[in-house]
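Visitor: Protein chains in written order, with my numbering: chain A, 2 to 299; chain B, 78 to 537.
Wrong hints could be hidden among the right ones.
To be verified - Only pairs whose alpha carbons sit at most 25 Å apart, straight line, appear in this in silico BS3-like list of lysine-lysine: (1) A:Lys65 to B:Lys160; (2) A:Lys248 to B:Lys537; (3) A:Lys248 to B:Lys493; (4) A:Lys131 to B:Lys527; (5) B:Lys426 to B:Lys179; (6) A:Lys176 to A:Lys56; (7) A:Lys248 to B:Lys283; (8) B:Lys341 to A:Lys131; (9) A:Lys56 to B:Lys160; (10) A:Lys99 to A:Lys9; (11) A:Lys56 to B:Lys527; (12) B:Lys493 to A:Lys65; (13) A:Lys56 to B:Lys493; (14) A:Lys65 to B:Lys426; (15) B:Lys160 to B:Lys282; (16) B:Lys426 to A:Lys131; (17) B:Lys283 to A:Lys56; (18) B:Lys480 to B:Lys269; (19) A:Lys131 to B:Lys493; (20) B:Lys480 to A:Lys56; (21) A:Lys131 to B:Lys283; (22) A:Lys131 to B:Lys476; (23) A:Lys65 to B:Lys397.
It should be emphasised that the hints constitute simulated quantities derived from the structure, not laboratory data.
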Amino acid sequence: MGGSAYLKIFLFLLPAILFTVIFFITPAVITTIMGFTNMDYRFQWNFVGLYNYFKMLVDPLVPKIILTTFVYTFGTLLIFNVAFGLILAILTTSIKEKNGIFFRTIWLLPRFTPPVVYGVIWLWILSPMKEGLLNSFLGYDYMPWISNFPWQVIIITNGFIGASMGMIIFASAIKSISKDYLWAAKVDGASWLQEIGYIILPMIRWPVAFITAYQTLSLLTSYEYILLITEGGPYFKSTVWSLYSYKVAFSSYAGTYEFGYGAALATVLVIVGIIASIFYWRIFKFKEMMEEPKIDVV
Amino acid sequence: MKSLKSLISFVLVVIFVMSVASFALAQEEVKTITIKAWTVGPDDPSITRKTNLEEAADRLNKYLEAIGANIRVKMDATFCTTKWADFKRSNLLALQSKDPEKIVDIVITGHEDIGPYAMADYIIPLDDYVAKYSEVYEDFFPALWNCAKFKGEIWGIPQDTECRITWFRKDKLRALGWSEEEIENLPMKVEKGEFILEDLAQLGKKMVDAGVVEKRKGIWHRPTPGTDWFQFIFSYGGEISDPETGKLVVDKNATLKVLQYIKKLVDLGVTPGAMSQIAWSDIHTAWTKGEVGIFLTGGSWNWAEWQRDPYNVSEEDEWKNIGWFPIPAAVKGGKPVSVSHPIVHLITKVSPHKDLAFLIVTLASSIDLNTKHALGSGHLAIRESQLAFRPYAEAKYAKEVTKVLRYTNFAPNHAKAPFYWETLFEAIAGVETGEVGPEEALNFWVERMKSELGDQVIVK
């Protein structure tokens with residue numbers, strides 16, 4: 002490619018680059034710098050070197066939070082965002098198109114619902130007293146669902162939303178598979194499960210890899226539904242890293258916020274995200290996916 | 078003739094125009110200054126925190142007009158009914174900008190904000206102003222001034238106070254077979270130290286065992302952190318701050334007993350382990366419907382709150398079925414305890430009209446206006462003379478509940494005090510849900526306090 006070709010590419014990419022720099026890179030850089038200060042509610046940039054990172058090493062909550070973050074991220078990812086999304090995509094593309102669209106729309110509803118409304122609905126469902134929807138349905142006088150099953154609660158409540166993204170991507174990928182393969186398989190006597198195992202899954206491996214990578218990063222930084230439904234409790238059992246960072250920075254009752262420490266915690270998340278991206282890039286061979294096709298069908 | 082008529086018309090028009098112009102000019106000379114304020118409930122009846130400022134501005138305008146002054150004030154106040162944390166967060170984000178366009182002149186908030194705000198230079202000391210209007214401020218209760226001080230200076234004007242109390246349902250005691258005399262004497266027994274925390278737990282159990290309330294509805298409490306939880310530490314003989322150094326104190330022995338007491342309430346089946354997951358509105362609904370026997374960490378303002386939507390309990394029914402006493406002592410013969418959380422008016426550093434803002438605060442502190450707030454929202458008097466003011470003196474509830482103030486304590490004006498009560502509640506909720514035992518919760522909490530406060534905390 003000549004110089005003018007690179008210039009054209011650059012100009013085409015410029016809006017996206019500007020957007021990324023302003024809204025993603027700049028906040029990450031500011032957060033990283035803030036992580037080296039002891040900034041509190043007075044918003045003063047007092048640099049304290051690595052103090053916040055040493056504090057993290059002795060913070061008694063950190064080990065609990067790492068475990069919860071791991072369970073939440075990979076539990077939601079594997080059970081809902083990938084597996085359940087895949088099941089929904091396969092099922093809704095295996096039935097009549099109209100019915101498939103109807104069921105996919107239903108599964109998109111949680112995503113359309115405002116987070117606070119979604120949170121309040123779950124709080125009503127999981128209320129520990131007999132007035133709670135689940136308890137009244139099961140006939141329990143008292144069952145503290147959130148206390149007894151905090152990990153399950155945050156995985157399910159987030160998973161119901163997260164599954165819809167995988168479902169949409171996978172469904173469109175399945176629909177783009179040439180029907181010839183499926184007809185040929187049918188002619189050869191393949192069962193429905195064999196069609197899935199030998200044709201559909203191998204042919205949608207790129208979308209599956211993409212959703213796995215994308216949703217891992219998304220889950221690592223998401224906490225809004227946890228904040229609304231469990232508030233990270235009971236006793237930090239459902240506090241994930243991003244929620245802890247938010248609470249340290251913004252959630253003090255009387256405004257003695259620790260922006261410096263919160264920023265340092267968030268910076269760790271940025272670093273983990275970058276490492277995870279590189280890991281996925283290599284393990285899923287995304288470079289291959291991005292390459293120009295070896296054969297072009299005209 | 079025609080020209081004379083024209084001349085007269087011309088003269089009349091000129092006179093009219095001049096009159097209008099001079100009137101308009103005269104009007105222009107009166108300048109209107111907007112004074113802005115952030116106020117907070119979050120309980121709805123405390124709307125008088127806002128309306129009293131508006132009423133004070135009206136009064137000030139009346140005086141200004143009477144003396145022919147060429148300025149008027151316009152009060153532009155907001156009233157927050159969401160959560161304290163939301164209110165404080167939005168205030169802080171505006172205050173840090175130090176932009177007069179974004180910041181108000183008057184902030185009404187909890188006294189615990191004085192230390193952090195003063196240190197950040199967001200507010201001004203008010204000693205000179207208070208001295209200027211000493212005839213108003215000399216009869217404020219001295220304890221309230223202590224809460225409004227930071228490093229020896231006055232930074233806030235007390236707006237109201239309250240007391241935290243234990244509510245009990247008289248109808249449930251009647252159902253247990255208690256006589257009216259026994260019921261009416263219960264608060265006295267608490268004050269004498271004859272009815273202690275252990276008796277309270279057993280009373281809750283009796284209610285459950287007798288079936289007058291359902292299981293886990295014997296004793297409920299607030300589901301959130303707050304200064305209320307300090308009461309239990311005081312009750313078990315502990316302290317939360319060192320008067321000499323001003324440092325916060327972690328009293329391990331007293332706190333362990335508090336955590337053990339909370340566990341006992343759950344083990345006895347009188348309190349749900351998931352108490353911290355029940356919404357405030359559900360708690361008030363269950364309480365006002367008479368489903369719960371004892372409400373352990375209530376406040377004097379609840380009385381007014383329950384009379385309004387959506388609970389709508391008449392005051393008559395409240396007197397008939399609801400009673401109160403301070404948090405009982407932990408040992409026989411001990412004194413009960415309470416905690417108050419005074420609210421204060423603050424004047425911001427960037428306010429371009431500090432004098433006017435303070436004048437409005439002074440007028441809003443008038444006996445009649447403050448009494449209107451106290452009686453309407455279930456808060457208590459801030460001035461000695463209010464006690465003799467007829468509407469206050471004749472208000473049975475205000476008069477009776479004010480007696481609890483003799484047992485009251487205050488949260489320390491320490492910047493990290495909120496961290497103290499938030500993490501203390503984490504331990505309480507952890508023990509209550511059964512996630513952690515009292516000893517483990519205590520040790521973990523002590524570690525957190527040490528890690529966060531360093532040499533600013535004394536562990537005993």
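Visitor: Run every hint past the structure and note whether it holds.
Guide: Taking the hints in turn, this is what the structure says about them:
| no. | hint | result |
| --- | --- | --- |
| 1 | A:Lys65 to B:Lys160 | violated (28 Å) |
| 2 | A:Lys248 to B:Lys537 | violated (28 Å) |
| 3 | A:Lys248 to B:Lys493 | holds (15 Å) |
| 4 | A:Lys131 to B:Lys527 | violated (40 Å) |
| 5 | B:Lys426 to B:Lys179 | holds (13 Å) |
| 6 | A:Lys176 to A:Lys56 | violated (51 Å) |
| 7 | A:Lys248 to B:Lys283 | violated (40 Å) |
| 8 | B:Lys341 to A:Lys131 | holds (22 Å) |
| 9 | A:Lys56 to B:Lys160 | violated (30 Å) |
| 10 | A:Lys99 to A:Lys9 | violated (43 Å) |
| 11 | A:Lys56 to B:Lys527 | holds (11 Å) |
| 12 | B:Lys493 to A:Lys65 | holds (24 Å) |
| 13 | A:Lys56 to B:Lys493 | holds (17 Å) |
| 14 | A:Lys65 to B:Lys426 | violated (42 Å) |
| 15 | B:Lys160 to B:Lys282 | violated (33 Å) |
| 16 | B:Lys426 to A:Lys131 | violated (51 Å) |
| 17 | B:Lys283 to A:Lys56 | violated (48 Å) |
| 18 | B:Lys480 to B:Lys269 | holds (14 Å) |
| 19 | A:Lys131 to B:Lys493 | violated (38 Å) |
| 20 | B:Lys480 to A:Lys56 | violated (46 Å) |
| 21 | A:Lys131 to B:Lys283 | holds (22 Å) |
| 22 | A:Lys131 to B:Lys476 | violated (39 Å) |
| 23 | A:Lys65 to B:Lys397 | violated (49 Å) |
Violated hints, in rising order: 1, 2, 4, 6, 7, 9, 10, 14, 15, 16, 17, 19, 20, 22, 23; the structure is consistent with all others.
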